[in-house]
Amino acid sequence: MQDRAVQSDAEPQPLPEKVSVTLTVKGTERRFSVLPWVSLLDALRDHLDLTGTKKGCDHGQCGACTVLVDGRRINSCLTLAVMRDGAHVTTIEGLAANGALDPLQQAFIDHDAFQCGYCTPGQICSGVGLIAEGRAKTPDEIREFMSGNICRCGAYPNIVAAIQQAMGTRP
Amino acid sequence: MSMANNTAKTYTGTATSRVDGRAKVTGAAKYAGDFNEGGLAYGAVVEATIARGRITRIDASEARSVPGVIDVITHENRPRVADSDKAWKDDVAPEEGSPFRPLYDDAIKFNQQPIALVVAEEWEIARYAASLVRVDYEKQAFVTDVYRKRDDAIVVEKPDKPRGDAAKAFAAADVRHEADYFIPTEHHNPMELFATTAMWEAGGPLTVYDKTQGVQNVQQYLCSVFEKKSEEIRVVSPYVGGAFGSGLRPQYQVVLVVMAALKLQRSVRLVLTRQQMYGLGYRPATIERLALGARRDGTLDTITHEAVGTTSQFEEFSRNDTGWSALLYTSPNARYEHRVAPLDVPTSCDMRAPGAATGVYALESAMDELAVALKMDPVELRLRCYSDRDQNEDLPYTSKRLRECYREGAAAFGWDKRKAEPRSMRDGKTLVGWGMASGVWEALQMPTAVRIVMTANGHAEVSCAASDIGTGTYTIMAQVAADSLGLPIENISVKLADSTLPKAPVEGGSWIAASACHAVIATASEVRSELLRLAKLMKGSPLADTVEEDVALSDGKLVSRTQTDRGVSISDIMRHGALERIEKEKTNQVADDKAHARNTHSAVFAEVKVDEQLGVIRVTRVVSAVAAGRILNLKTGRSQVMGAVVGGIGMALHEETVYDHGLGRIVNHDIAEYHVPVNADIHDIEVIFVDEPDSLINPLGIKGLGEIGIVGVAAAVANAVYHATGVRVRDLPITLDKVLERRKAA
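Chains as they are written, first to last, in this note's numbering: chain A, 1 to 171; chain B, 1 to 746.
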C-alpha cells in the first residue's frame with residue numbers, strides 16, 4: 001500500500017520582506033529587522049540575544065515565555081514581534097536594577113521556588129505582572145492566576161510563598 | 001574570606017539556598033538552546049506520519065528552493081555513520097536490541113520518527129521549508145496497544161526468586177485480593193525542549209551544548225557514532241531544564257545536529273518542538289496484576305506480582321516493577337513475573353523512580369484493597385507485614401526507619417481521626433477521602449571523580465562531569481566542599497557537566513548526591529594532606545609533629561583536632577610553599593558491602609475532596625514522611641520531595657499519553673492536552689524527614705532523594721479517592737468521568 005504523506009499542502013511561496021521593529025528593552029531602544037512571522041519570543045532570543053526568556057511549547061500552553069509588554073504579562077510566543085513595534089518589553093534580564101534583585105527574584109531564592117530554573121523567568125515575570133494587577137489577595141487566588149505558568153519540577157507551593165513574600169502578605 | 005576565630009560555619013545538613021539561584025532568577029543560567037553566536041544555522045525536523053513501513057520516495061526539492069535553506073539531510077544524503085549496533089549503544093541502552101539510528105535508512109519504526117532535517121539561516125525558514133518535504137511510504141501493519149500484546153509479551157528480566165508456593169497459598173488463604181492495575185504511557189515533559197547547539201570553536205573540538213543528564217555518555221556515544229577521536233567532540237550542559245529520566249540516553253536531536261555540523265562545517269542549533277518530544281522515550285504503559293492472600297490477623301501468606309510493560313520492536317527496555325513487592329513485606333510465599341510487549345513505538349525509558357512509581361502504585365493499591373477486605377486500618381496492615389530484612393535477599397538493611405515514617409506521617413496528618421467506612425467523611429458538599437501508601441527506592445552509589453583546585457587566596461574550584469538537572473547538585477557539592485575545606489561557601493565555585501571534567505555517571509537513580517559528595521570528601525582529604533606536608537616544612541611549624549589523622553581544615557586554617565589552638569592559615573602555608581594552587585583529583589570509594597540491603601522508604605498520606613455532583617477531584621493535603629538517611633540540604637531536599645509529590649499527583653489524576661491505536665499515533669502530543677498539574681491543582685504538601693542515622697551505608701550517611709518522593713503518591717491518592725467515593729479506579733489517571741460512571745454502575 002502506498003501512502004503519500006505531506007506535512008502540509010503548502011505550495012512554495014516567496015518569502016516576504018523583512019520588517020523593521022523597534023523595542024525598548026532594559027531601557028534601551030533596540031532596532032532590528034525580522035521576517036513578519038518571527039514571534040516576539042524568537043526575536044528576543046535569536047535577534048536580541050536575550051535568552052533568559054524561555055520556549056517551552058511555542059503555543060501559549062506553558063507560560064515559560066512570559067514577559068511584560070508595556071507592564072502587562074503576556075506569552076511572548078503568541079505575539080509577533082512586528083505587532084509590538086514601539087513597545088516597552090521587560091524580560092527577566094531587565095528586572096534587577098543596578099545589580100539589586102527585584103523583591104520577587106529574591107523571594108524565589110529565599111523560598112526555593114524553582115529547581116531546574118527553566119520556567120523561572122516566566123514565573124517571575126508572571127508574578128511581577130500579577131502583583132502589579134493587584135487582584136490576587138489569597139493563596140487560592142495566587143494559585144489560580146499563576147496557573148498559566150507550568151512548573152514540571154513541582155515548585156508550586158514555594159512559588160505561592162515567594163509571591164506572598166513579595167506582596168508582603170506572607171503570614 | 002572570613003578568618004575570625006570560632007565563626008566556622010557548618011553547611012552540610014542546613015537549609016542553604018541554591019548557589020545557582022541568582023543565575024536562575026536573572027536569566028543568566030544558559031541551557032542548551034541558549035548558546036548564541038553569529039552565523040548559527042537552525043534546524044527543523046520532518047517526522048514520519050506512519051507507525052511502521054518504509055519510505056519509498058522523499059522529495060526535498062521544493063524545500064531546498066526556499067531562500068535561506070542551506071541543506072535538507074535525509075537517509076539518502078547523510079554523512080557516514082557507524083554501522084554496528086554496538087557503536088550506537090550508549091551507557092544506558094538496554095542490553096538487548098538495536099538502538100534507533102536517526103536518518104539511517106528508509107525504515108519507519110514508529111510514528112513521529114525523524115526522517116529529514118532541514119537546515120536554514122533562520123529557524124522560521126527551516127520550519128516552513130520542512131512543511132514542503134514530500135514523502136511517500138509503503139505502510140506495514142502495526143500494533144501500539146499493550147493489551148493486544150499482553151498474552152504474547154516476552155520475559156526479559158530475571159525476576160526475583162520465588163518463595164514457597166504462591167498459587168497454592170493463595171488458594172488456601174483466609175482473605176484474598178486479586179486485581180489488574182494499569183498505568184498508561186506517560187511522558188516526562190520537562191519544561192525545557194530537547195535542544196542541542198553545536199559550535200565550531202577555533203582550533204578546538206566541536207563543542208556540543210546538549211540537554212542531557214550525562215555529558216560523558218553523550219560524548220562517548222557521539223564519538224562512537226561519528227567515528228571521532230575523543231578530543232574532537234566536547235559535550236557541555238551547565239543547566240538542564242528538567243529531565244526526569246528523559247535525558248539519560250542521548251536523544252536524536254543531538255545526532256542530527258552533530259551530523260549537520262560535520263556535513264556543513266557550520267555551527268547548528270536544533271530545538272525540538274513540544275510535539276516532537278512525544279517521539280522520544282516515555283514511561284512505559286504497564287499492566288500490573290497483584291494477588292495477595294492473608295490470614296485474618298493481617299499477616300501476608302502470599303504475594304504474586306506480574307507486570308507487562310511496553311517497549312519498542314527494536315530494543316528491550318524494562319525496569320523491575322515487581323521486585324518492590326518482593327522486598328517490602330514479610331510473606332512466606334511469593335512469585336514474580338516481568339514481561340515486555342514490543343510495540344511499534346519508540347523505546348520506552350526511565351522516568352522518575354522507574355519500575356517503583358508504577359509497581360509500588362499497584363502493590364500499595366492492592367494492599368489498600370486487602371485492608372478493606374480485612375476490615376483493618378491500612379497503616380495497621382502494613383505494620384503487621386513489616387519486615388526488618390530485605391525479603392528477596394534475606395539481608396538486614398543499613399537502616400530502615402519506615403515504622404517511624406508511618407508514625408510521624410500519621411501524626412502530622414491526623415490519621416487517627418479517619419473513619420474507616422468509605423463515603424463517611426464530608427466537608428459541606430464534598431466527599432472527603434484519606435488514603436495512604438508506602439514508598440521504597442534504592443540507595444546507590446557510583447564511581448565518581450572530583451577535582452579540587454585550591455588557590456592561595458582561599459578559594460576552591462570543585463569540578464566534576466556530573467549534571468545538575470534541578471536536583472541541587474551544585475549546592476550540595478558546594479556545602480560539603482565548604483565544610484571539608486573549612487572555607488565559607490562563597491569561596492567555593494562548582495563546575496559541572498562538561499565532558500572534559502573528572503568522570504561521573506549519568507545523573508539518575510538518586511545516586512549523584514552520595515557519589516559526588518563522597519568524591520568531594522576524598523579529594524578534600526588529599527588537599528589537606530598536601531597542606532599538612534607543606535605546613536610541616538614551615539620553620540617552627542606548630543603542626544610539625546602532627547599526624548594526618550589529627551588535622552582538619554577549619555575557618556581557613558589547617559588545625560590540630562586535639563589541640564585546636566595549633567594551626568596555620570591556608571594562605572600562609574601556600575605562600576610559604578610558594579604555591580599559587582593545589583590541584584587534586586580523586587574518586588569516591590564505593591563500598592562493596594553485600595551483607596546489607598540499601599533502601600530509602602516513605603509513608604505518604606493524602607486527603608482528597610470530591611465534588612459529589614460534578615466528580616471533580618482535588619488533592620487538598622499530602623504529608624510525605626521520608627526516611628532517606630542524612631539530608632544534606634533541608635531546603636533543596638524538601639523541594640525535591642515536594643516536587644515529586646506533585647509528579648505523583650499528576651500520575652494519579654492527570655497524566656496519560658493517549659494513542660489512536662488505529663493510526664498508531666499519539667493524539668494529545670502537547671502540554672495542554674497532555675495534562676500535568678498546574679499551580680491551582682496543588683495545595684498543602686508537608687514533607688517530613690524522619691531521622692535516620694546510617695553509619696553503614698557511607699561515611700556521610702547519604703541515601704539520595706531524587707526518586708523516593710514520587711513512589712507511593714499515586715497509590716495514596718487512589719486510595720483516598722476510594723475512601724471518599726467508594727469507587728475503586730484501577731486504571732490511571734483517575735478522572736472524574738471514571739468516578740461518576742463507575743459510581744452509577746455500582
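The set of hints was computed from the structure by calculation and includes no laboratory data.
There could be a bad hint or two in this list.
Said to hold, decoys possible - So the derived label-pair ranges between C-beta atoms look like this: (1) B/A680 to A/H59: 53 to 59 Å; (2) B/A411 to A/H59: 43 to 49 Å; (3) A/M83 to B/E95: 23 to 29 Å; (4) A/T169 to B/E37: 42 to 48 Å; (5) B/V155 to A/H59: 50 to 56 Å; (6) B/D83 to A/T22: 34 to 40 Å; (7) B/S529 to A/D49: 28 to 34 Å.
Think of the CB as a built atom: it goes at the ideal place given N, C-alpha and C, for glycine as much as any other residue.
| message | Name the hints, by number, that the structure is in violation of. | response | Result: hints 1, 3, 5, 6 and 7 break, sorted rising.
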